[in-house]
Amino acid sequence: MQMTKQEYSKLVDKKSPPSKKLKNCIFAFLIGGAICTLGQLLMLLYEKAGLSETQVKMAVPVTLIFLACVATGFKVFDSIALIAGAGTLVPITGFANAVLSPAIEFKSEGHVMGIGAKMFSIAGPVLVFGLTAGVVYGLVLSIFRLF
Amino acid sequence: MPQRTGHTLMLPSKPSVTGYAAVVGKKEGEGPLAQWFDKINEDTTVGESSWEKAESALVRDALALALDKSNNPPSAIDYLFAGDLLNQCTGTAFGLRDYNIPYVGMYGACSTMALTLAQAAIYVDSGAAQKCAAATSSHFCSAERQFRQPLEYGGQRPPTSQWTVTGAGAAIVENAGPGPYISAVTLGKMVDYGIKDANNMGAAMAPAAADTIKTYFEDTNTSPNDYDLILTGDLARIGSDLLYELLGRENINIRDKHNDCGLMIFDLKKQKVNAGASGCGCAATVLCSYVFEQLRQRSLRNILFCATGALMSTTTSQQGESIPSVAHLLNITI
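First to last, the sequence lines map onto chains L and E.
All residue numbers for the first sequence refer to the working numbering, where the first residue is -11 and numbers rise by one.
All residue numbers for the second sequence refer to the working numbering, where the first residue is 7 and numbers rise by one.
None of these hints come from the bench; they were simulated from the model.
A quick note: this is a predicted structure, and the numbers were derived from the prediction, not measured.
Glycine included, every Cβ here is placed at the ideal spot set by N, Cα and C.
Any given hint could turn out to be false.
[Stated by the list, open to error] Which bits of chain E does chain L cover? Going by a derived footprint, with three or more residues having C-beta under 8 Å, they are: (1) 152 to 162; (2) 190 to 201; (3) 292 to 300.
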């Protein structure tokens, strides 16, 4: 054919519509912000209920994770995420969904090789690099503290 | 006997499609072609316990309906050509294992309907068989879990992505019958234009379609004006646009004659499928319902059906490989 690969690559870039970044950003801000506001409200609520600071710091993420899992189980999380994008992905809700959704999906392959083996197929890399980053940060901090 | 000119096989006995059927899922049943499908499953699981079993049930039903419509029992069929998208083509094997028909499993990704129908027609025209069946399927949920993310994972799809059709199509080809007839077949070369984005399959497959369509026109000395419709499989919006550009460079203009199954089966905007539809079931269900019916009713008389397939896997995509694609073409007449 007449068209070269380079020409074609440029043509594909021209013809392929990019994601609607501004719209995505606005929705991510609004829905992500709403989730964080909910977290803040929960914090105030738990403080009022008389929980200690340590307990509150535990109870807020546990509640958000619980809500994200319920939403995932009832098949509404993905519909919200379709609009929210990073708004549901970045808060702890995204992590909960990333663990639960493969667990539901691979239930058909059994409890061990299905749910057990696949549960961290999406969240696994986040854990690996999250922990690695934590170790590096800790090392840097302890080296600086030596001086 | 098939006669070869260039890469195109002319089939002088004009094997006839005697029965055809399309079975689809709920979303497809809500689309613009709903009235043409033989069976619409309101339940995406098709009453089965896994998505893979659901896909197998679709192709099993499609073949049963096609056999019925051609008035053939399974034992009358000499060979069955079929395949699907799942690893080791299990959708097909597990769905059709009880039919007791000699089975030729084929993988052509989303080009499978054209590939299997072409083989069926070539076997019949050559005299190797009198009656053959061709079938293929895809299921949105089984494809998602193999190629992409779990269903409930909260992610966004890029605008270039396509929606895998839940559906199966089957056709019976015989040495005589009321038509539509398969007059010629062009089996395509693998073409790789360096596209690596598995979320832009139309772009990966358009060069393969362009190559096969150009080859067919050259081999048969015909032009787009000789046909009522040039129907591609699942190039969708971006791929179709790119196909016009690629063929435009070869001085072939198909714009007025072209349509794409990936643009026909869903209402792109209303049903939120981004660039359009894809999957083996896309070309299969559109061909084995609406298109064959239009040919039978003589509102179409001479068409080219060119289904395209992207031949990558999740492994090759993760390893950063570009996507080789293939397109097979059939000239279908009445």
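Outcome of the hint check:
no.	hint	in the structure
1	152 to 162	holds (count 8)
2	190 to 201	holds (count 3)
3	292 to 300	violated (count 0)
Checked against the numbered hints given earlier, the structure breaks only hint 3 and satisfies all the rest.
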